[in-house]
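In the order they appear, the protein sequences are chains S and G.
The first sequence finishes on residue 410 if you use the numbering used here, and the numbering steps up by one all the way, no holes.
The second sequence finishes on residue 550 if you use the numbering used here, and the numbering steps up by one all the way, no holes.
The set of hints was computed from the structure by calculation and includes no laboratory data.
Computed from a prediction, not measured in an experiment: that's the story for all the values here.
Cβ coordinates follow ideal geometry from the N, Cα and C atoms, glycine included.
Incorrect hints may have been included.
Computed list of chain S residues with no C-beta within reach of chain G, every gap over 10 Å [claimed, not checked]:
id	residue
1	R13
2	A68
3	T162
4	G196
5	R206
6	L217
7	W300
8	P348
9	D350
10	G365
11	M373
12	A379
13	L409
The calculated label-pair distances, taken between Cβ atoms and stated as ranges, are [unchecked claim]:
id	chain 1	residue 1	chain 2	residue 2	range
14	G	E499	S	D403	48 to 56 Å
15	G	E509	S	R309	21 to 29 Å
16	G	E499	S	M20	56 to 64 Å
17	S	Q297	G	E509	52 to 60 Å
18	G	A515	S	Q370	31 to 39 Å
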Amino acid sequence: MSGATAFDPAAVRAQFPLLMRGLDGGPLHYLDNGATSQLPQAVLDAMIRFETTSRANVLRSVHRLAEAATDAYEGARLDIARYLNVPGDEIIFTSGTTSAINLVARSFGEGMQPGDEVVVSLLEHHGNFVPWQMLRDRRGITLKILPVTDEGRIDLSALTRTVTKRTKLIALAHVSNVTGAVTDVAPVVAAARTVGARVLLDGAQRTPHGPLDLPGLGIDFYAFSGHKMFGPTGIGCLWAKKELLASMPPLMGGGEMIRTVTVERTEWADVPHKFEAGTPPIAQAVGLGAAVRWLMQLDWTSASAHEMRLTQRVLDGLGRLKGARVIGPSGLQGRAPVISFELAGAHPHDVCQILDGFGVALRGGHHCAQPLMDHFGVAGTTRASLALYNNDADVDALLTGLDAAAAKLR
Amino acid sequence: MSDDLYQQAIMERAKQPVGAGRLAAPDASVTVDNPLCGDRITLDLKLIDGTIAAVGHQVRGCALCQASASVIASTAVGQKPAAALAGHEVLRGVLGGSEASAPWAALGIFAPVRRHKSRHDCVLLPFEALARALAQAKPA
Ligand SMILES: Cc1ncc(COP(=O)(O)O)c(C=O)c1O
């Protein structure tokens with residue numbers, strides 16, 4: 001990126017107060033970023049600044065404080081739009097990925113007819129699975145499921161036999177929160193275009209790893225969460241093209257989403273406010289805006305190389321650990337720094353508990369992807385998910401802890 | 411540190427659980443899930459003249475869950491349902507800081523779990539299954 005500063009992993013880490021504080025007097029090796037990432041000082045500062053200098057409701061009052069609040073809120077929307085290379089009025093604030101996808105299912109989905117089809121995959125997070133099952137039960141649509149390969153990727157070779165003239169939407173994870181596989185978007189878009197279907201990507205695990213060009217992907221909807229990309233909880237976004245959003249009915253009625261209300265009828269506000277009924281999470285939106293500004297000043301070529309080098313170290317370490325099996329791509333090609341594995345004879349929760357003793361925060365379990373767990377014949381996996389602030393000491397602690405866990409549990 | 415959870419007493423139970431495997435013709439059989447972690451136990455009971463004659467279990471879960479199921483199988487056989495159900499209370503007590511009392515003294519091995527709230531359900535799950543199985547076995 002032009003104007004980007006060089007990427008210095010130690011300097012980046014130093015901007016995260018919680019990481020520097022450590023845990024109970026020892027170091028913290030936070031490798032649960034796929035669940036929630038930590039907050040840099042810049043985001044905390046932006047939220048405190050907003051709450052102490054500009055707190056007021058948005059889009060309502062004309063006093064100066066209210067104008068400052070509206071500017072901060074709408075400014076955050078523009079920053080997020082820049083991160084994704086889209087126009088600002090195509091960004092809808094939601095409470096996160098789950099609510100963004102539910103919005104599409106409830107609004108866009110209500111236009112579907114019995115027999116219409118939605119295509120998802122077996123590796124979806126429940127957040128991109130259950131809303132479509134619910135739509136199926138509400139509207140009588142057919143839910144079709146793309147299989148996954150042995151490497152834990154969505155099997156795109158099944159697209160041609162799965163997508164039909166009745167397909168209205170293909171909704172897939174951009175990056176799997178279990179296997180770390182990055183979905184190859186071009187064939188999905190091509191398959192959708194042949195039948196006039198829309199494409200939704202669940203970007204929850206992609207947005208923490210650098211800016212995106214959504215128009216270049218050729219997709220129609222993109223959903224993500226602030227808390228996984230160094231922003232606060234309670235905020236996320238749905239992106240869609242303006243014409244598409246304009247054609248969709250609002251989900252909730254109330255204040256801030258109307259133009260005029262009479263006793264007889266209501267005229268909706270324009271996109272995006274049509275979809276933002278009620279007082280939004282303003283400080284959280286401001287925090288997410290600060291997070292993407294912080295992300296955009298980094299050199300992502302170097303940051304990605306750093307994340308991938310650590311990922312390779314974890315994969316190598318697991319390769320040497322007896323009884324360990326990676327559930328996901330074995331190499332770095334088409335892979336994000338999310339690494340799931342099974343340790344023969346050891347339950348993921350026991351592994352995580354022992355690793356906690358080494359100051360290593362991991363996640364074990366089904367990762368809200370039970371259909372995928374069933375496919376691989378496991379109750380759950382242990383997952384290390386890395387962020388740009390992780391370092392070699394984090395990987396060392398992980399591998400040392402796993403040796404100890406293997407010795408203890410087997 | 412959480413290492414204290416994986417002491418010998420628990421790990422021995424977990425690695426060689428008493429009662430592992432299904433019963434051939436159980437009088438009651440229940441499957442209970444922990445929706446948070448995906449752990450699952452199937453517990454079979456055989457009763458003869460109102461006394462627990464055999465316990466079998468199949469656990470897809472962590473070491474704590476395995477060990478807990480093992481304690482049930484080694485303690486509940488020969489007990490009346492009421493005495494077996496009392497084990498649930500003894501275990502809750504242990505997780506709350508009390509001593510384990512006979513005939514459920516073996517539950518004392520779970521004292522280190524007390525400090526790990528997120529793991530309480532792991533040890534309690536088999537007892538929930540036991541309670542449900544006993545309710546199912548109750549003659550109508
Ligand atoms: C791929 C994916 N989709 C959806 C979600 C749900 O995100 P949220 O809970 O922030 O709505 C997650 C996070 O857990 C995820 O990893």
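Do the hints match the structure? See the list:
Its beta-carbon lying about 24 Å from the closest one in chain G, R13/S satisfies the requirement of being farther than 10 Å from that chain. Interface exclusion of A68/S from chain G stands, the closest Cβ pair being 42 Å apart, more than 10 Å. Non-interface call for T162/S relative to chain G: holds, since the shortest CB-CB distance, roughly 27 Å, exceeds 10 Å. Non-interface status of G196/S relative to chain G is upheld: no Cβ of that chain comes within 10 Å, the nearest being about 38 Å off.
Against the 10 Å criterion, R206/S stays outside the reach of chain G, whose nearest CB is about 25 Å from its own CB. At roughly 33 Å from the closest C-beta of chain G, the C-beta of L217/S stays outside 10 Å, upholding its exclusion from the interface. Its beta-carbon lying about 35 Å from the closest one in chain G, W300/S satisfies the requirement of being farther than 10 Å from that chain. Against the 10 Å criterion, P348/S falls within the reach of chain G, whose nearest CB is about 8 Å from its own CB.
Interface exclusion of D350/S from chain G breaks down, the closest Cβ pair being 5 Å apart, not more than 10 Å. The non-interface label for G365/S is inconsistent with chain G: the shortest C-beta to C-beta separation is roughly 5 Å, within 10 Å. The claim that M373/S is not at the interface with chain G is violated, since a C-beta of that chain comes within 10 Å of its own (minimum 7 Å). Non-interface call for A379/S relative to chain G: violated, since the shortest CB-CB distance, roughly 5 Å, does not exceed 10 Å.
Here L409/S does not stay apart from chain G, with its beta-carbon only about 7 Å from theirs, under the 10 Å limit. The hint said 48 to 56 Å for the Cβ distance between E499/G and D403/S, and at roughly 39 Å that hint is violated. About 52 Å separates the C-beta atoms of E509/G and R309/S, a value inconsistent with the hinted range of 21 to 29 Å. Range check, E499/G to M20/S: Cβ separation about 45 Å, and the 56 to 64 Å hint is violated.
Checked against the hint of 52 to 60 Å, the C-beta distance between Q297/S and E509/G comes to roughly 59 Å, which is consistent with it. For the pair A515/G and Q370/S, the beta carbons lie near 37 Å from each other, so the given range of 31 to 39 Å is met.
The earlier numbered hints that this structure contradicts are 8, 9, 10, 11, 12, 13, 14, 15, 16.
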